[in-house]
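Sequences listed follow chains A and B, in order.
Heads up, the first sequence is in my numbering, so the first residue is 10 and it goes up one at a time.
Heads up, the second sequence is in my numbering, so the first residue is 4 and it goes up one at a time.
Since the hints were derived computationally from the structure, they do not count as laboratory data.
Warning: the hint list may mix true and false statements.
Said to hold, decoys possible - A few chain A residues that face chain B, going by a derived Cβ cut-off under 7 Å, partial list only:
| hint | residue |
| --- | --- |
| 1 | Glu117 |
| 2 | Ala139 |
| 3 | Phe143 |
| 4 | Gly161 |
| 5 | Gly164 |
| 6 | Pro169 |
| 7 | Ser172 |
| 8 | Gly176 |
| 9 | Ala177 |
| 10 | Phe181 |
| 11 | Ser184 |
| 12 | Glu188 |
| 13 | Gly190 |
In this text, a Cβ means the ideal position worked out from N, Cα and C, and glycines have one as well.
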Amino acid sequence: MADELNPTLAGRVVMVTGAGQGVGADVATYCGMVGARVAVTARKPDAATAVAGGINDAGGEAIAIRCDVTSRADIDNAVAEVVDRFGELHGVVHNAISSYSSQPVPFEDVTDENWDDQVAVALRAAFHLAQASFTHLVAAKGSFVFMLSTAGMEGSPPVPAYSTIKGAQRAFMKSMAREWGPQGIRVNGVAPIAVTPAIAAFLSREPIAAERLAKRAALERLGDGVWDIGPPTAFLLGPESRFVTGQTLVVNGGSFMF
Amino acid sequence: MTTPFSTLDNQTAIVVHGASPIGRNIALGLVHHGARVASIETPLTTRADYEGWYADVVESLGRPSIVVVPVLPQGDRQPIVGLSLDAWIADCEQPLRDTRNAVQAAFGVLARPHGNGGCIVLVAATAALTGETGLAAYATACEGARAMARVVARGWGAHGITMHWVGAPTALFTNEDDAPRMAMWDPALGRGPDAEHDLASAIAALASPAMAFATGTTTVVDGGLVMPT
C-alpha cells in the first residue's frame with residue numbers, strides 16, 4: 010500500500026511531539042511513508058527510537074529525540090537538533106497530551122495537579138513550541154498542525170478538563186494562523202477519532218461511550234491512526250493545503266458533524 | 004429594564020470580578036432585572052477563596068441561583084513570538100484557572116440536592132471564535148471557557164445546573180479604543196453592545212425560567228458582528 014502513495018511531503022522535515030505511541034506515532038509513520046524526513050519526539054526515548062526505527066526500516070528517514078514538552082529547554086533542544094540534523098524544519102505537529110487526559114474525573118473533582126499537567130502539555134507546550142519553531146517555519150514557509158479533539162468541540166463529560174483544554178487549543182491555533190499568515194506560515198488543527206492506547210483505555214472504562222461512538226459514526230467504525238488520520242494531517246502539512254489556515258479538520262468518520 | 008421574559012425577581016446572582024468595568028456593568032444590569040446581586044470584587048485565585056465568598060453570599064442574601072463569571076485579560080496585546088512566559092500565564096493560564104475555580108466552587112452552592120440548581124454564565128471575548136492577532140493567550144482562555152461551558156453543562160445537568168457561554172466584542176474586555184477589526188462587516192444592528200443593558204439582558208434571559216431547557220449554548224451578544232457557524 011505504501012508503494013502506491015504519492016510522496017506529498019517529499020523533501021520536507023516534519024517534527025511530531027508525543028510521537029512515541031498512539032496518533033502521534035501513527036502520523037509520524039505516515040509522514041515518513043509519504044517522503045518526509047521525520048523527527049519523532051517523545052518523553053520516553055525508547056518509544057521514540059522504536060517509532061523512528063520503524064520508519065527507517067520501511068525505507069523512510071527518521072530520527073528519535075527525547076523531549077518532555079513540559080520543559081522549555083527540551084523543546085528548544087529538540088528543535089535545534091532537528092535543524093542540526095536535517096538543516097531545516099517545514100512542519101510541526103503538536104500531538105502530545107497529558108497522561109491525565111483520559112482519566113475520567115468529574116469537573117467538580119478536578120485537582121490542581123491534574124489541571125496543571127494537562128495545561129502544561131497541551132497549552133504551555135504549544136506556546137513554547139510555537140516560539141521555538143517560529144524562525145525555522147518562517148524560513149520554510151511552513152505549517153504548524155495541532156492535534157485537537159472533538160471533545161473540545163462538543164464536550165466529553167467523563168473528561169471535562171481535557172475537553173476544556175483541547176477546546177482552548179483551537180483559539181490559540183486560530184490566533185497563530187492570523188499572526189503568522191503574513192510570514193507565509195499556515196496553522197491548522199486535526200480533530201481525530203482513532204483507535205489509540207489512550208482511546209482504548211478510555212473506552213474500556215466507558216462501555217456506553219464505546220457503543221455509542223461506533224454506532225454514531227456514519228462510516229460505522231473508529232479511525233485507524235496511520236491510514237485515516239495520517240493522510241489529512243499530511244495534507245495540512247504539505248503544499249496541497251497552501252490556502253488553508255486557521256481551520257479544524259474533523260476526521261471522525263462522520264461521527265459528530267460540525 | 005425588567006421584562007416578563009427575563010425577570011429575576013427573588014433570585015440571588017453572584018457576579019465575579021465585579022470591580023472590572025464589564026463585571027460592574029453586568030451586576031448593575033442584573034439589578035435592573037430584579038435580582039439581588041452579590042458582586043465579588045476582590046481578585047481571587049483559589050477555589051477555597053471562591054467557596055468562602057459564596058458561603059458569605061448564602062448567609063447574607065440567600066442561596067444563589069445565578070453565577071456570572073467574566074473571563075478577563077491581564078496584559079496588553081503582544082505577538083506570540085515576543086510573549087514572556089509570565090505574560091502567557093497572566094493572559095491564558097491564570098484566567099482559565101480562575102474561571103475553573105469560580106465554576107467548581109459554584110457546584111457547592113447550586114447543585115441539587117443541597118442547592119436548588121441554577122445557571123452559570125461565562126462571559127468572554129469573541130476572540131475565542133475568531134482568533135486574534137496579539138491576543139493569542141487571552142483568546143485561548145476564552146475558547147477554553149467556551150469548551151468548559153459545554154462539557155460542564157453535560158456533566159452537571161443532572162444536578163439541576165445549566166451553563167452557558169456568552170461572547171461579547173473583545174474590546175469590551177481589553178478596554179481598547181482602537182482595537183483591530185476582526186469582522187468583515189459592520190454590526191448588523193449598527194452598534195456594539197453595552198454591558199449594563201445588552202449583556203446583562205442576555206444573561207438574565209439565559210438564567211430565566213423561560214430558558215430552563217437550554218444549556219451548553221454559545222450566545223454572541225455583539226449586535227451581529229461575529230456570526231459563528
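Hints and how they fare:
no.: 1; hint: Glu117; in the structure: 4 Å, holds
no.: 2; hint: Ala139; in the structure: 6 Å, holds
no.: 3; hint: Phe143; in the structure: 5 Å, holds
no.: 4; hint: Gly161; in the structure: 5 Å, holds
no.: 5; hint: Gly164; in the structure: 3 Å, holds
no.: 6; hint: Pro169; in the structure: 4 Å, holds
no.: 7; hint: Ser172; in the structure: 4 Å, holds
no.: 8; hint: Gly176; in the structure: 2 Å, holds
no.: 9; hint: Ala177; in the structure: 3 Å, holds
no.: 10; hint: Phe181; in the structure: 4 Å, holds
no.: 11; hint: Ser184; in the structure: 4 Å, holds
no.: 12; hint: Glu188; in the structure: 5 Å, holds
no.: 13; hint: Gly190; in the structure: 9 Å, violated
Hint 13 from the earlier list is the only one contradicted by this structure; the remaining hints agree with it.
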